[in-house]
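Peer 1: Each chain, letter by letter, is given below.
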Amino acid sequence: MAATKLDGVLIRGIAAAVPNTEQSVENLAGTFGGEVVAKTRDSTGVRSMRIAGPRQCASDLCFTAAKNLLAELEWSPESVGLVVFVSQTPDYILPATSNILQHRLGLTKECLAIDLSQGCSGYVTGLWTAASLCRTVTPTRTLLLVGDTPTKFVREDDLATRVLFGDAGSATALEAVSDAPALHFLGGSDGGGASQLIVSGGGFRNLRSEGCQSPWGQGALEMNGAEIFAFTSREVPQLVKGVIASAGWTSTEADLLVLHQANKFLLDHLSRKIKFPGRVPISLDRFGNTSSASIPLTIADACAKTQPLGRAVLAGFGVGYSWAAAACDLSHARILPVMSTDEAFDPQAGRT
Amino acid sequence: MVDSDFLRQLDDLFEFDAGTITAESELQQLPGWGSLTFLGLLAMVDEDYGVALKPQQVLACVTVADLMALMKAASPSG
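The listed protein sequences correspond, in order, to chains X and C.
Numbering that gives the first Met the number 0 applies: residue 0 is where the first sequence begins, and numbers increase by one.
Numbering that gives the first Met the number 0 applies: residue 0 is where the second sequence begins, and numbers increase by one.
So that you can see chain C by itself, here it is in the shape it has in the complex (with noise of 0.2 Å):
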């Protein structure tokens, strides 16, 4: 995965301004962070990388980079 595209993404899913967040934003600090964007999240890895992260797991991350970290973990092509 290229990281600077999937920050896109994210601003994309809050509706932010690209480039608002990094890597070191903390993920459920975000404006916004909630049950909907909480599943745009889950729904967009599924069906954009191929990984279906357990809720508990993305829950566990505090910042973008640790989500990041999990989805290269995960992924079938790192």
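Same shape as in the complex, but just chain X (with noise of 0.2 Å):
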């Protein structure tokens, strides 16, 4: 597997940020009927999840945990030289959100700003990408906005993935100091699992799809459960003890893992399997499945009250496929209560 090890990397504070919209699986039961929404909920261990306004975007919800997480910093967006954007629901196909969010959280000309598509191991593939550039630019604080919207892209009538889902947005803030601890990433892709969680419309290799229900053309979001499974199964555990001996620890001096919501069943399977002493939080009861947000989230649901944090272990996986583990220290960093919002840009007046 692809491992760094990175030195003189902070991680400042991370906030998440929901929409102010909640539903409750059991709503649902009416479309699909409540024994098996009963039965589902209780092996996807998804209650509620917040859905996106229909004008409300992946950027919108990072935007407000950006501008929250600047001013609890007392960042002005002048010191800012690194916006990275990690999302498989950005706002367009062209220009890249991180421009637009440079422009809106009034960051510099100066800034580079970058778009990354990843889902489940989003977060960490970001921060590992952020972190490597951050010592790299001047001035070197770095935002690392992270979210999706998954809900916009499930077929109506699909179980599976309309109790699951649900969507979030993420801000954190990394800065060069030389004497930080060291990150430590690990991480691996295997596209050969690309056709087993796939949304394979609305890009340019199905352009004119027949007969299009959706946006998306043929494909709303397509999910093989099994498959998915069994990679995860397999990959997972040797990626979590991986990164904590890349990072020289004994599994007990790791004070929390935080791993890609992805589903509770998965989570209680890989929790057995890797056997980690300390903490595993959990938010998808509360938040279902958020994709590239659920570890932020899930950071900052559990651990807002409880700062400050040590050691952590950050562990995404999934869509790709596509597997990345950090190994970081937290203590140093403001973690921010989750936020919730109905904020949605609006283009045209060039203002939320």
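Just so you know, not all the hints are guaranteed correct.
35 Å max Cα-Cα, derived DSBU-like pairs, lysine-lysine [as the list claims (entries may be wrong)]:
1) X:38 - X:4
2) X:4 - X:272
3) X:4 - C:71
4) X:263 - C:71
5) X:38 - C:53
6) C:53 - X:304
7) C:53 - X:263
8) X:38 - X:240
9) X:38 - X:304
10) C:53 - X:274
11) X:274 - X:38
12) X:263 - X:240
13) X:263 - X:108
14) C:71 - X:304
15) X:263 - X:304
16) X:263 - X:4
17) X:274 - X:108
18) X:240 - X:304
19) X:4 - X:304
20) C:53 - X:4
21) X:272 - X:38
22) X:274 - X:240
23) C:71 - X:274
24) X:304 - X:274
25) X:304 - X:272
26) X:272 - C:71
27) C:71 - X:240
28) C:53 - C:71
29) X:274 - X:4
30) X:240 - X:108
31) X:274 - X:263
Pairwise CB distance ranges (calculated) [claimed, not checked]:
32) C:4 - X:23: 37 to 43 Å
33) C:4 - X:176: 53 to 59 Å
34) X:274 - C:22: 31 to 37 Å
35) C:0 - X:202: 44 to 50 Å
36) X:274 - C:32: 28 to 34 Å
37) C:62 - X:26: 17 to 23 Å
38) X:155 - C:72: 39 to 45 Å
39) X:76 - C:31: 31 to 37 Å
40) X:274 - C:31: 37 to 43 Å
These are calculated hints, taken from the structure and not from any lab test.
Glycine included, C-beta positions come from ideal geometry on N, C-alpha and C.
Build the complex from these two chains, which are given one at a time in their own frames, with help from the hints.
Peer 2: Right under this line is the structure:
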């Protein structure tokens, strides 16, 4: 697996934002039947999720998280040199959403802005990329904005995805600090699993789909749960153990294991296989599987009241297939409580 | 693996009375077979028997006996 040890970059803060609108899974009983919804809820562990408004994008949720995090850290917009946006639900095909967010947040024109397309592993992949570039830009202050609105591409008649996914965004602040504890990353890719979790419409491979029912062409979200289960069961335990070993920690030296909130059934299975002795927080019961945002959302949900945090292992895995883990010290990170918002950007007016 | 133990675990997974499922039962014809029981089966076989079955292999099994043969062939201890 690809591995990186990175010195001199500090995680200063993490914030997460969700839409105001809450949907209880029980409300879907009318569509799918009460018994099957209850059984599925018991397995996935998702009781409710937040649903973005019709005009509300992942970038809007990230914007709210970023604005509040900048204020909390007392970082002026001029002090930020890099913004990285990670999502598979961007505002547009083009331009890149990171450019739009640079402008909305009032960051300078000298700021480097980059979009990355990753989902379940996207927070860690983004952290890896942002932290790697952080020391090389001036100023070094970096915003990593990670979020998704997967509820917008689930099919209305697909029970498995409708009772699972929710929307969320996040912001993470990084800064070059010479004596920061090292960050360790480990990850890999297997595009052989591409078709197992896919939205095949809306890109350029299937430009003119017959009988389009949605903006996503014939392909709304398609998910092969059994294949994804087999892949994660195979890769994630060794990924987590590997990154802990890379950091030179014993498993008892890590305080926190934050797993991508795929579903409760899978998290229970992985927890039994990994046998992590510390805390393994869960947020999917109230927020669902929020794709790339699930790790920072879980940190904000579980940890805002228990600052300061210590050593954490973060592991994302899924769509791609792709998987990535980080071993990091969150002792210096300000964690904000989860915030909720209905804000949506109006491109015509140029304001929220 | 002990076949009778595995059959009892399958009964539990499908929420049947003990003794309902036999080696001759057709796996994908069992009432309740679906994505949740499929995942439950994969997890149980992995955790209790140390066998990581490929979903495609399981779908190729007709009877529970086929599944047990697959597990024995893939099992480190036979």
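Peer 1: Indicate, hint by hint, whether the structure satisfies it.
Peer 2: Against the structure, the hints:
no.: 1; hint: X:38 - X:4; result: 43 Å, violated
no.: 2; hint: X:4 - X:272; result: 26 Å, holds
no.: 3; hint: X:4 - C:71; result: 42 Å, violated
no.: 4; hint: X:263 - C:71; result: 29 Å, holds
no.: 5; hint: X:38 - C:53; result: 24 Å, holds
no.: 6; hint: C:53 - X:304; result: 42 Å, violated
no.: 7; hint: C:53 - X:263; result: 21 Å, holds
no.: 8; hint: X:38 - X:240; result: 32 Å, holds
no.: 9; hint: X:38 - X:304; result: 32 Å, holds
no.: 10; hint: C:53 - X:274; result: 23 Å, holds
no.: 11; hint: X:274 - X:38; result: 26 Å, holds
no.: 12; hint: X:263 - X:240; result: 20 Å, holds
no.: 13; hint: X:263 - X:108; result: 43 Å, violated
no.: 14; hint: C:71 - X:304; result: 49 Å, violated
no.: 15; hint: X:263 - X:304; result: 23 Å, holds
no.: 16; hint: X:263 - X:4; result: 31 Å, holds
no.: 17; hint: X:274 - X:108; result: 47 Å, violated
no.: 18; hint: X:240 - X:304; result: 28 Å, holds
no.: 19; hint: X:4 - X:304; result: 30 Å, holds
no.: 20; hint: C:53 - X:4; result: 34 Å, holds
no.: 21; hint: X:272 - X:38; result: 24 Å, holds
no.: 22; hint: X:274 - X:240; result: 10 Å, holds
no.: 23; hint: C:71 - X:274; result: 26 Å, holds
no.: 24; hint: X:304 - X:274; result: 25 Å, holds
no.: 25; hint: X:304 - X:272; result: 29 Å, holds
no.: 26; hint: X:272 - C:71; result: 21 Å, holds
no.: 27; hint: C:71 - X:240; result: 28 Å, holds
no.: 28; hint: C:53 - C:71; result: 14 Å, holds
no.: 29; hint: X:274 - X:4; result: 25 Å, holds
no.: 30; hint: X:240 - X:108; result: 41 Å, violated
no.: 31; hint: X:274 - X:263; result: 16 Å, holds
no.: 32; hint: C:4 - X:23: 37 to 43 Å; result: 39 Å, holds
no.: 33; hint: C:4 - X:176: 53 to 59 Å; result: 56 Å, holds
no.: 34; hint: X:274 - C:22: 31 to 37 Å; result: 33 Å, holds
no.: 35; hint: C:0 - X:202: 44 to 50 Å; result: 46 Å, holds
no.: 36; hint: X:274 - C:32: 28 to 34 Å; result: 31 Å, holds
no.: 37; hint: C:62 - X:26: 17 to 23 Å; result: 40 Å, violated
no.: 38; hint: X:155 - C:72: 39 to 45 Å; result: 42 Å, holds
no.: 39; hint: X:76 - C:31: 31 to 37 Å; result: 56 Å, violated
no.: 40; hint: X:274 - C:31: 37 to 43 Å; result: 30 Å, violated
In this structure, the earlier hints numbered 1, 3, 6, 13, 14, 17, 30, 37, 39 and 40 are contradicted, and the remaining ones agree with it.
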